[in-house]
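Novice: Chains G and E are the protein sequences, given in the same order.
Sequence positions in the first sequence follow our numbering and run 6 to 441.
Sequence positions in the second sequence follow our numbering and run 5 to 571.
On the chain E side, residues computed to face chain G include the following (Cβ under 8 Å):
{"id": "1", "residue": "T59"}
{"id": "2", "residue": "P105"}
{"id": "3", "residue": "G360"}
Derived from the structure by calculation, the hints contain no laboratory data.
Computed from a predicted model, the values in this text were never measured in an experiment.
The C-beta atom is built at its ideal place from N, Cα and C for all residues, glycine as well.
Here's the letter readout for the chains.
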Amino acid sequence: MRYSKCLMVLLALLLVTPLSAAEPEQESVHQANPEGDPEVKIKAGGGYKAHRILLAPFLIPKYAIIFAVSPLIYTGRTIERYHIYERVEDALTNEDRTFFIYPIFGFGGGSGFGGGVGVVHTNLFSKGYELRGSFQIFTNLDIDTGVSFRDRKAFYIGGVPVGYKILAQFIRYHDESFFGFGNDTLESDETEFQLDRIRSGVQFDHQLPLNFHVKPHVVYHLANSGASSGLTPPSSDTFFSSAELDGFGRSLHHIDIGLSLAHDTRNAEVNPESGGLRQFIFRRMQGIGNSGFDYNEYRVEARQYFRLWKERRVLGVRAFLVVQDETGSGSVPFYRTSTLDNNAPLRSFSRGRFRDTGYYLFNAEYRYPVWDIIDAVVFVDAGRVFEDIEDLSFKGIKYSFGGGIRFVSRKLPLASLMVGTGKEGTRIIFSLSHRL
Amino acid sequence: MKTSIRIILLAFLVVQIGTSCGSPAKVRYPPSRWLFDVDNQAVKKPKESYPYKYTDILRMQFFHQLMRLASYPKRTRLGLTSIGVAKKQEALNVTNFDEVPNSTWFTNRIGRYALSTADIVRGPDTVSGPQLTGIWLIKAAKTEGLSPGFLIQDERGDHYIIKYDPQGHPDMASGAEIISTKFFYASGYNVPENYIVEFDPQILQIADDATTKDRYGRSIPFEDKDLTDVLSRVAVNERGLYRVLASKFLEGEPLGPFAFLGRRGGDKNDRIPHEHRRELRGYQVFSAWLNHGDSRSANTLDMFIETEAEKGYVKHHLIDFGGTLGSAGVRSKGKKHLYDYRLNYGRALAALAMGGMYTPYWEKAESTDDPSVGFFESELFEPHKWKPTYPNPAFQSMTPRDSFWAAKIVMRFSDEAIRAIVEQAQYHKAETADYITKHLIIRRDKIGQYWFSQLNPLDKFVIAEEAGMDHIRFTDLAIKYGFANAKQTKYRYRWRAPNGEPIHPWLYTRNSEIPLDKEHLAALQAGKSYLLRIETKNGLNQSWSRAIDVIIKIDKELELLGLRRRY
Chain G
6 MRYSKCLMVL
16 LALLLVTPLS
26 AAEPEQESVH
36 QANPEGDPEV
46 KIKAGGGYKA
56 HRILLAPFLI
66 PKYAIIFAVS
76 PLIYTGRTIE
86 RYHIYERVED
96 ALTNEDRTFF
106 IYPIFGFGGG
116 SGFGGGVGVV
126 HTNLFSKGYE
136 LRGSFQIFTN
146 LDIDTGVSFR
156 DRKAFYIGGV
166 PVGYKILAQF
176 IRYHDESFFG
186 FGNDTLESDE
196 TEFQLDRIRS
206 GVQFDHQLPL
216 NFHVKPHVVY
226 HLANSGASSG
236 LTPPSSDTFF
246 SSAELDGFGR
256 SLHHIDIGLS
266 LAHDTRNAEV
276 NPESGGLRQF
286 IFRRMQGIGN
296 SGFDYNEYRV
306 EARQYFRLWK
316 ERRVLGVRAF
326 LVVQDETGSG
336 SVPFYRTSTL
346 DNNAPLRSFS
356 RGRFRDTGYY
366 LFNAEYRYPV
376 WDIIDAVVFV
386 DAGRVFEDIE
396 DLSFKGIKYS
406 FGGGIRFVSR
416 KLPLASLMVG
426 TGKEGTRIIF
436 SLSHRL
Chain E
5 MKTSIRIILL
15 AFLVVQIGTS
25 CGSPAKVRYP
35 PSRWLFDVDN
45 QAVKKPKESY
55 PYKYTDILRM
65 QFFHQLMRLA
75 SYPKRTRLGL
85 TSIGVAKKQE
95 ALNVTNFDEV
105 PNSTWFTNRI
115 GRYALSTADI
125 VRGPDTVSGP
135 QLTGIWLIKA
145 AKTEGLSPGF
155 LIQDERGDHY
165 IIKYDPQGHP
175 DMASGAEIIS
185 TKFFYASGYN
195 VPENYIVEFD
205 PQILQIADDA
215 TTKDRYGRSI
225 PFEDKDLTDV
235 LSRVAVNERG
245 LYRVLASKFL
255 EGEPLGPFAF
265 LGRRGGDKND
275 RIPHEHRREL
285 RGYQVFSAWL
295 NHGDSRSANT
305 LDMFIETEAE
315 KGYVKHHLID
325 FGGTLGSAGV
335 RSKGKKHLYD
345 YRLNYGRALA
355 ALAMGGMYTP
365 YWEKAESTDD
375 PSVGFFESEL
385 FEPHKWKPTY
395 PNPAFQSMTP
405 RDSFWAAKIV
415 MRFSDEAIRA
425 IVEQAQYHKA
435 ETADYITKHL
445 IIRRDKIGQY
455 WFSQLNPLDK
465 FVIAEEAGMD
475 HIRFTDLAIK
485 YGFANAKQTK
495 YRYRWRAPNG
505 EPIHPWLYTR
515 NSEIPLDKEH
525 LAALQAGKSY
535 LLRIETKNGL
545 NQSWSRAIDV
555 IIKIDKELEL
565 LGLRRRY
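The task is simple: from the sequences and hints, build the whole structure.
Specialist: Written as structure tokens, this is what we have:
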């Protein structure tokens with residue numbers, strides 16, 4: 006009954022409005038004009054209003070959008086009219102624009118949403134020193150905070166500047182994932198553990214002729230792992246044996262001493278279109294006190310970029326190998342084992358998905374422009390973890406492929422949004438950095 | 005089928021029948037080609053509007069496009085149009101003859117009168133520019149618009165905004181502004197008086213109360229260092245003079261820009277949503293011609309003209325043409341996004357879908373390396389593809405009738421008139437003027453050729469009696485401007501009853517006049533209005549063109565009531 010009444014009203018509306026609107030309006034003459042033309046009072050009509058009424062039901066989405074965006078427009082106008090952007094910018098930066106306080110927004114990665122604040126000074130004491138600091142906290146109370154100081158030209162060797170960077174970092178993860186070791190672990194075996202890490206140290210950077218770099222470093226690490234508080238997924242110690250969880254529930258100290266040798270011919274660090282990066286990193290992890298472990302870690306990386314037929318059409322390929330070699334009696338702490346996951350990146354696989362004492366990974370990306378600051382990306386990733394370098398094979402290799410877009414500026418990678426798919430499903434990855 | 009659906013469909017059917025059976029020969033206004041819209045009645049002063057730049061981009065580029073998407077049924081000619089409910093909204097301020105009435109927005113000039121070249125080049129000018137003898141008192145800094153400058157008062161007491169060319173591009177922005185001012189004025193728009201001036205810096209004097217604005221928009225004193233800063237960016241010629249553009253203050257009290265969407269609140273004279281004003285829709289065609297990518301709300305200005313105590317009317321102006329032709333105001337235009345939005349969703353989607361194989365057509369554009377021109381060309385220019393830097397709702401509402409109307413006006417500028425206008429820019433090299441003239445002529449012809457091919461290009465209908473017989477005479481614009489050959493052109497016509505039914509089969513002629521046979525007229529009822537439908541076949545289209553319906557009242561004397569261009 007109610008519906009039929011509504012329809013009757015609608016019918017009446019439909020019948021009446023167009024006819025009334027179709028009536029010609031007799032316009033009145035008002036005042037003289039220089040040309041002596043007939044004078045009229047031009048008004049909206051001739052079906053305009055009628056159609057608006059008739060189409061009202063179809064315009065509900067439009068009015069819903071108006072309702073939704075009006076506050077945004079109002080806010081934008083307030084910001085513009087009262088120069089709020091300039092006021093905030095001036096409040097958060099210095100006059101030379103070498104010091105900034107900026108907000109940080111974090112998404113996903115197992116920590117949920119989060120945010121924080123960062124500070125950067127790129128010309129401290131007017132001597133070109135760089136100071137950075139940040140603090141982020143997430144919805145699950147994960148914390149990531151750190152501070153670094155950098156002098157790019159501390160001293161000279163052979164007329165070439167040597168820089169250094171001192172850093173300190175504290176990270177607290179409540180829900181780190183652990184699926185066991187090896188390439189054949191099951192996704193359903195996901196467990197979680199809590200991890201606190203502190204690291205502090207110094208890294209030097211010496212640029213040699215012919216695009217070679219030498220970067221020695223010394224970093225102190227303290228880590229403390231323990232049971233997660235969640236029930237689903239269960240805590241790692243309730244699912245895996247203590248033999249599989251070396252270092253679980255203990256505070257472990259170690260020194261990381263190492264050296265990076267790189268040959269970098271990329272035309273730019275951000276969004277390179279040509280050239281390549283060949284890099285070898287050696288790290289000696291020496292346990293301190295009763296930590297009971299020491300091992301060497303070797304990383305080899307080769308990247309190459311090919312500009313295709315036109316600017317911004319780039320094919321990038323990367324091969325990456327990590328090997329951890331235990332040299333003492335103790336094993337590598339389970340949380341320090343090589344991890345092949347969406348950060349590696351093996352996109353479409355979850356965080357912490359595969360762990361062992363080594364892995365290899367191949368990435369290929371084709372990127373092309375969609376708009377000024379947006380590139381589209383199509384990618385293929387393939388890799389697997391292994392326990393021993395002698396076990397290296399392609400058997401059971403994990404694949405993912407997909408695509409997405411990334412926002413780029415001339416100097417900074419702004420963000421990327423990728424969709425990767427593989428045997429374990431499809432994953433959307435939002436990232437603020439690019440690996441390739 | 006459910007009863008409710010049946011009822012709704014029936015309702016639409018009734019609407020369709022109701023609208024289609026209404027007399028198509030009815031007209032709204034007096035049967036005159038030219039009218040005067042009385043939108044200058046004395047009303048209270050409306051509130052001032054703020055020239056939002058970034059929010060306007062946000063609104064037009066994103067939010068308005070979302071709304072357009074959501075109101076798809078209203079815009080499209082498919083879907084609801086086919087059942088008679090929706091139709092593409094035509095401009096609301098047109099006469100029966102598809103012309104724009106004179107109003108506070110627009111005054112028919114070259115489109116109506118045969119203006120002399122002297123009239124065209126004089127444009128809106130009432131004086132010869134700021135007085136160069138005596139001092140120029142600097143009253144304030146110019147902080148709005150693309151290029152900075154300052155506001156002066158000359159010895160006569162007239163106020164001007166002084167703008168200058170960017171470094172490395174002598175004459176570019178000032179030349180573009182002068183040229184566009186003349187074209188827009190002659191076309192019918194309200195624009196400021198702009199003058200090219202060479203002045204000796206010695207005549208500048210800062211007023212005691214001169215102000216500029218800080219980053220927060222607060223007024224602060226204008227000091228010597230501000231003047232030095234401005235002058236340091238102005239090129240000095242060999243005679244030690246600065247060449248600048250002086251833009252005379254408009255009459256009245258500024259109310260801020262008008263929007264291209266909706267109406268100005270508080271102005272009772274403002275009765276038509278701006279996106280449905282013919283002259284603002286057709287502004288796209290002029291902007292395309294003059295490459296006015298910056299044709300946005302911030303480059304318009306409403307002035308309140310007081311006619312009695314605290315009452316008056318609003319006059320609507322286009323301002324700031326420093327970003328036209330090859331100039332982007334503070335620099336040269338470039339090929340990137342030439343003739344296109346900064347963000348064109350369609351092109352972005354095409355680029356995404358084509359995996360890097362897609363190249364926007366504007367990437368192939370080439371221009372002269374003359375720094376006084378900037379980046380200006382005509383080879384890749386296509387009138388219907390041209391877009392400003394971000395969407396303009398009036399442009400997006402434009403229909404072929406609007407563009408046809410504007411193209412008619414554009415085509416009224418002869419080669420000589422174009423050359424004479426370009427000469428007003430006083431380029432220091434003759435080649436610069438030659439280059440700009442040449443490409444403006446080519447672009448003008450492209451506009452005419454394209455838009456005249458979209459509708460039946462017949463205009464200026466009159467009823468004339470010859471040898472005792474009435475004739476309908478008209479001008480075929482395609483022939484007039486050389487786009488079609490008169491010998492290859494033919495017309496067919498037939499009378500249609502008020503309900504749209506043809507009264508007789510098509511009749512054919514090769515002349516631009518149609519005899520109104522007594523035999524046919526005798527079949528028509530006196531006192532009623534009928535349609536004479538005319539179609540054209542010429543070199544522009546292989547088939548018969550879209551029709552044009554001429555509305556004629558049958559009486560003792562035939563009377564032209566109006567016309568409808570169909571597409």
